[in-house]
Amino acid sequence: MRSITKQLIGIFALMIFVLIVPTRGQDPARLNFDSLAGLEAKAREVVEVNVDGELLELARRVVSKTNDPDARKVADAIAGLKAVYVRVYEFDKENEYNIADVDEIRAQLNAPGWKRLANVRSKRNNEKVDVYTMFTENVMSGVAVVVSDPKSVVLVNVIGPIDIETLVELGGKMNIPKLEIETEKPMPKIKN
Amino acid sequence: MNKEYLWSKTGSDPELEKLEGLLCEFRFDRNSAPQLPASNIVTVEKVSKGRWVFGLSFAATAAAVLVLMAMWFTKAPDTPIARDQHDPNSVQDTAGPRGEDTSSSRLDDRASTGVLTAEPIRLTEPITRQSRPRADRAVQIVKPKKKEKLTKEEKYAYDRLMYALAVTGSKLKMVQDSVDRKRDIPHPRTTRNEK
Chain A
1 MRSITKQLIG IFALMIFVLI VPTRGQDPAR LNFDSLAGLE AKAREVVEVN
51 VDGELLELAR RVVSKTNDPD ARKVADAIAG LKAVYVRVYE FDKENEYNIA
101 DVDEIRAQLN APGWKRLANV RSKRNNEKVD VYTMFTENVM SGVAVVVSDP
151 KSVVLVNVIG PIDIETLVEL GGKMNIPKLE IETEKPMPKI KN
Chain B
1 MNKEYLWSKT GSDPELEKLE GLLCEFRFDR NSAPQLPASN IVTVEKVSKG
51 RWVFGLSFAA TAAAVLVLMA MWFTKAPDTP IARDQHDPNS VQDTAGPRGE
101 DTSSSRLDDR ASTGVLTAEP IRLTEPITRQ SRPRADRAVQ IVKPKKKEKL
151 TKEEKYAYDR LMYALAVTGS KLKMVQDSVD RKRDIPHPRT TRNEK
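Chains A and B, in that order, give the protein sequences. Read in order, the letters of the first sequence are residues 1 to 192 in the working numbering. Read in order, the letters of the second sequence are residues 1 to 195 in the working numbering.
To be clear, the hints were calculated from the coordinates, so they are not data collected in a lab. All of these numbers come straight from a predicted model, not from anything done at the bench. Be a bit skeptical, because a hint or two may be false.
[To be verified] Simulated DEER-style distance windows between Cβ atoms:
id	chain 1	residue 1	chain 2	residue 2	range
1	A	D70	B	A64	46 to 56 Å
2	B	A60	A	P69	58 to 68 Å
3	A	A79	B	V67	15 to 25 Å
[What the hints assert, rightly or not] The calculated lysine-lysine pairs, modelled on PhoX-like cross-linking and capped at a C-alpha distance of 25 Å, are:
id	chain 1	residue 1	chain 2	residue 2
4	A	K65	B	K155
5	A	K151	B	K173
6	A	K73	B	K155
Note that CB positions come from ideal geometry on N, CA and C, so glycine has one too.
Next up, chain B with everything else stripped away, as it sits in the complex:
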């Protein structure tokens, strides 16, 4: 390969000249816009509409799923922020008189300015944890009472037994009340004898 011909077109190189001849049809011409060879023209009609429909439906579904997920995360009561907002009793804040509870004030500010709804809510941590250092806050989280988890069979058995005991207890109580009432009333013979 003649490098002089390649860089400054001096001398001759049959191999490069052959390549030039083959590629001359793509040569830059200031007067006419370059045209692709006929063999490279892509026919738009051949793109199937089904592919577009599939793509659009997939995108719509994905968008709907994202919206639903966002709604679920923002409105779920189990998230710390939602719990803070909806259930004031769940977190009893016993902050000092300085009123350093920046979480509530920040929430109020955001609510007043309308930022609350626009700003994305962090779901990983409650605001109270970010607002103050750990030593300053005295937050008592009220835990729900543990409920005994009973199986269906256990509940059935318990209900039956309690019902049976309730019937027995109430009837026995009825008898006891009757006996007590009789005891309270002074017997006529006794009073007569006492006289």
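Next up, chain A with everything else stripped away, as it sits in the complex:
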């Protein structure tokens, strides 16, 4: 009887370990992009950029090495950054994708911790933009941007503190490749 109890306790402990360890490893500000697999199949252009871990450290080192004043600003803005994940999907025709897939991402942002910073709804081009932030003990721990219009979807998930004002100021400057998604030019397919 004792041995059965011991076995049960062992199995229970193992189950707790298996359930807890992965959730502890994942940052609460990290969004799950699994629901976007359907978009990737239909999209004309797909851009997936994941910058985290060693890649981020490497990029951070390069930015800090550069003498450009704008690069200095960027280096300061991303000093505490942990990761950036970007997804861009462009479609040939309007409403080619299922909006429910994007709404699933928006639903994740209703979870506790996330706060809506801004949302823009444009009836002219049926565009929706949502900006969410997550703070942990008065320190920014994440930013999420969800942009959807009939022909494109853009998702940005920033983990860790980041200086939004500097980013806005430097958007499109300093070797930062200008976004082509808002124009009709074809965008190169970058897969990370």
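Given chain A, put chain B in place with the hints provided.
Here is chain B on its own, set in the frame of chain A:
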């Protein structure tokens, strides 16, 4: 050996006479041209043609290499003279009003007389250094800006990060612009209340 026989052929020396007898066939004869003994005749036919072909091809290759080297040295933009000729901005000469820049005038003279192409160009030193003493010239060489050398991995990481930040920045800017636009437009209710 009888030295008298050797120098003035007086007396006798059997050893020298024996040698004379052996070499008499090579004796100088005014009436007939000397002939080599048959054993010493070299047959020209035995020289292989391959040796000539090899020699000629080697000489041609060496000549071609020399020509190419000469062309490379004279046309390479990194050589001081070539840089002086092709890139006027690379050396900013701030010589005095006396116009002592003999290098350019000499080059012009040579160009006008056609000597420029014929005369070999010294590659070791630029002409400006030879033309004037060091104290007289004030030549400022514009150095190219140092570029950061990035490895492939660094460039990849930098590009990815910059792209991600650009997307984030542009979208956030879009939102900010929309908010700013809304702020600029006076709200109808507010205006009504003000009235």
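- Hint check for A64 of chain B and D70 of chain A - Cβ pair distance inside 46 to 56 Å: holds, 52 Å
- Holds or violated: are the alpha carbons of K65 of chain A and K155 of chain B at most 25 Å from each other? This hinted pair holds, its Cα atoms lying about 12 Å apart.
- Message: Can you confirm whether the C-alpha distance between K73 of chain A and K155 of chain B stays at or below 25 Å?
- Response: holds, 19 Å
- Query: Does the Cβ pair A79 of chain A, V67 of chain B satisfy 15 to 25 Å?
  - Reply: For V67 of chain B against A79 of chain A, whose Cβ atoms are near 59 Å apart, the range 15 to 25 Å is violated.
- Query: That 58 to 68 Å hint for A60 of chain B and P69 of chain A (C-beta), does it hold up?
  - Reply: holds, 59 Å
- Message: K151 of chain A and K173 of chain B were given as a pair; does the straight-line alpha-carbon distance stay at or below 25 Å?
- Response: holds, 20 Å
When the structure is compared with the earlier hints, a violation turns up for hint 3 alone.
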